[in-house]
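Asks: Input sequences plus hints: build the corresponding full structure.
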Amino acid sequence: MSKDYYQILGVPREASSDDIKKAYYKLAHKHHPDKGGDEGKFKEINEAYKILSDKEKRSQYDRFGSVFEGGAAGGPGFEPGFDFSSFWGKQGGENFDFDFGFGGLGEMIEEMFGFGAPQKTKDIKKGKNIEVDLEISLEDTLRSKEKEIIIEKFINCSRCQGRGAEPGTKVKECFSCRGTGQVQEVRRMPFGSFTRVVVCPECNGEGLKPEKLCNVCKGEGRIKSEEKIKIFMPAGVDTNQVIKMEGRGEVGKRGGKPGDLYVKIFVRRHHIFERKGDDLYAKKEISFSQASLGDEIEAPTLEGNKILLQVPAGTESGKVLRISGKGIPHFSGYGRGNIYFTLIIKTPKKLTKKQKELLEQLKTEGI
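So the sequence shown is numbered by UniProt numbering: it starts at 1 and just counts up by one.
Derived from the structure by calculation, the hints contain no laboratory data. Every value quoted in this text rests on a predicted model; they were computed, and no experiment measured them. Check before you lean on any hint, since a few could be wrong.
[Unchecked claim] Pairs of lysine-lysine, DSS-like flavour, derived with a Cα cap of 25 Å:
#1 Lys244 with Lys228
#2 Lys264 with Lys126
#3 Lys43 with Lys3
#4 Lys306 with Lys319
#5 Lys30 with Lys41
[What the hints assert, rightly or not] Across the chosen pairs, the derived CB separations fall in these ranges:
#6 His330 with Lys212: 56 to 64 Å
#7 Lys147 with Lys319: 34 to 42 Å
#8 Phe331 with Glu148: 16 to 24 Å
#9 Ile149 with Ser176: 38 to 46 Å
#10 Ile344 with Glu146: 33 to 41 Å
#11 Leu134 with Glu303: 21 to 29 Å
#12 Ser144 with Ser292: 43 to 51 Å
#13 Lys346 with Gly304: 17 to 25 Å
#14 Leu293 with Leu351: 15 to 23 Å
#15 Ser292 with Lys228: 57 to 65 Å
#16 Arg13 with Arg178: 49 to 57 Å
#17 Gly333 with Glu357: 54 to 62 Å
#18 Ile151 with Ser292: 53 to 61 Å
Ideal Cβ positions, reconstructed from N, Cα and C, are used throughout, including at glycine.
Replies: Structure below.
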C-alpha cells in the first residue's frame with residue numbers, strides 16, 4: 001500500500017463508521033488551511049476519509065490496497081463549488097441544525113467556515129428580560145401587598161410611538177432584503193464557493209426601514225427612562241422565590257414584543273424570629289424559680305402583639321413550647337405555620353444579699 005489511510009486518520013482497522021467520522025472531523029478542524037494548518041496534510045486527511053467512509057471502497061482498499069479513484073479535497077459533501085445555502089434552509093428563516101449523532105459538529109462547522117444561523121427577526125426586535133432583587137422584611141410576608149420599585153429600562157418613544165420614524169413619515173420595506181430581514185452572502189474558499197444566510201446589514205434583520213429616522217430615538221423606537229412598577233407579593237413569599245411579570249421588561253425595537261420582569265425576593269433577617277419554611281423559631285429566657293414552680297409568661301409574635309405561654313413546673317432548659325397558627329401564612333393561602341419557643345433558664349450573674357441567703361437555704365434543702 002502506498003498510503004495507510006487508517007494511520008492517517010489515527011484509527012484501528014476495525015474502527016466503526018462513527019469512529020472514522022469523529023476522527024476525520026477532529027483532524028479536519030485541526031489541519032484546515034484557514035486555521036493555519038498544512039494544506040497538503042488537509043488533502044491527505046480528506047483522501048483517507050473519502051475511501052474509508054465508503055463501504056465498497058473501504059472493502060476494496062482492505063483487500064487490495066487500492067481503490068478506483070483518489071480522494072478529492074473537501075471531505076464528505078464539501079466538493080468544490082458546493083452550495084451550502086441548502087444547509088441553512090429557505091430564504092426567510094428556517095435553518096438547518098447540524099447534528100450527525102456526535103455532539104459538537106455543528107459548532108465545529110460554524111467555526112471552520114464562519115457559518116451560523118441568522119437570528120430571526122422576531123428575536124432581534126424582542127426586548128430584553130429584566131432581573132431585579134427586592135428585599136423585604138419578615139413582617140411583609142404576613143399578608144399580600146404591593147411594593148413599588150423604580151427601574152431604568154427601554155420604553156416606547158413618545159414622539160414616534162415606537163415606530164422609529166418621524167411623525168408623518170412612513171416605514172418602508174427594506175430594499176436590500178425585500179422585507180425578509182436576511183440576505184445571502186457568498187464566500188470563496190480555497191476549495192470552492194459557499195453561500196450562507198446572514199442578517200441583513202441594511203435593516204439589522206428587521207425587514208423594515210423608516211423613511212426618516214425619529215429625531216428623539218434615532219430610529220430605535222424606544223428610549224431609556226425610569227419607570228415605577230408595582231409588584232404584587234402574595235402572603236407567605238420566601239427568600240429566592242421569583243415573581244414573573246410578563247411584558248414588564250424592556251420594550252423591543254420599533255414595536256417589538258417586550259421582555260419580562262423577574263423579581264427575586266430576599267427576606268431580611270429578623271432580630272427575634274428565625275424562619276424555617278412557614279414556621280418561626282425563637283428563644284425565651286425564664287428564671288430558675290419559674291422553671292421550678294411553673295408560670296405564665298408573655299412572648300412576642302410577628303404581628304407585634306403578645307401571647308401567653310404556660311410554663312409547666314419542673315421545666316428543664318431547652319424545652320420547646322409550640323404556639324399553633326401564629327407563624328407564616330402558607331403560600332397556598334390556607335392556614336399558617338407555627339411558632340416554636342425554646343425555653344432557656346437564665347442564671348443570674350449578680351445576687352443581692354437576701355437572694356444569696358435564700359439560695360443558701362434552698363441549698364441546705366437539697367435544691
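Asks: Please go over all the hints and tell whether each is borne out by the structure.
Replies: Against the structure, the hints:
1. Lys244 with Lys228: 16 Å, holds
2. Lys264 with Lys126: 22 Å, holds
3. Lys43 with Lys3: 13 Å, holds
4. Lys306 with Lys319: 20 Å, holds
5. Lys30 with Lys41: 10 Å, holds
6. His330 with Lys212: 56 to 64 Å: 58 Å, holds
7. Lys147 with Lys319: 34 to 42 Å: 39 Å, holds
8. Phe331 with Glu148: 16 to 24 Å: 22 Å, holds
9. Ile149 with Ser176: 38 to 46 Å: Holds, since Ile149 and Ser176 (Cβ atoms, about 42 Å apart) stay within the stated range.
10. Ile344 with Glu146: 33 to 41 Å: The hint (33 to 41 Å, Cβ to Cβ) holds, given that Ile344 and Glu146 are roughly 39 Å apart.
11. Leu134 with Glu303: 21 to 29 Å: 22 Å, holds
12. Ser144 with Ser292: 43 to 51 Å: At 45 Å between Cβs, range holds.
13. Lys346 with Gly304: 17 to 25 Å: 24 Å Cβ-Cβ, so the 17 to 25 Å window holds.
14. Leu293 with Leu351: 15 to 23 Å: About 18 Å separates the Cβ atoms of Leu293 and Leu351, which means 15 to 23 Å holds.
15. Ser292 with Lys228: 57 to 65 Å: 59 Å, holds
16. Arg13 with Arg178: 49 to 57 Å: At roughly 54 Å between Cβ atoms, Arg178 and Arg13 fall inside 49 to 57 Å, so the hint holds.
17. Gly333 with Glu357: 54 to 62 Å: 58 Å, holds
18. Ile151 with Ser292: 53 to 61 Å: 58 Å, holds
When the structure is compared with the earlier hints, no violation turns up for any of them.
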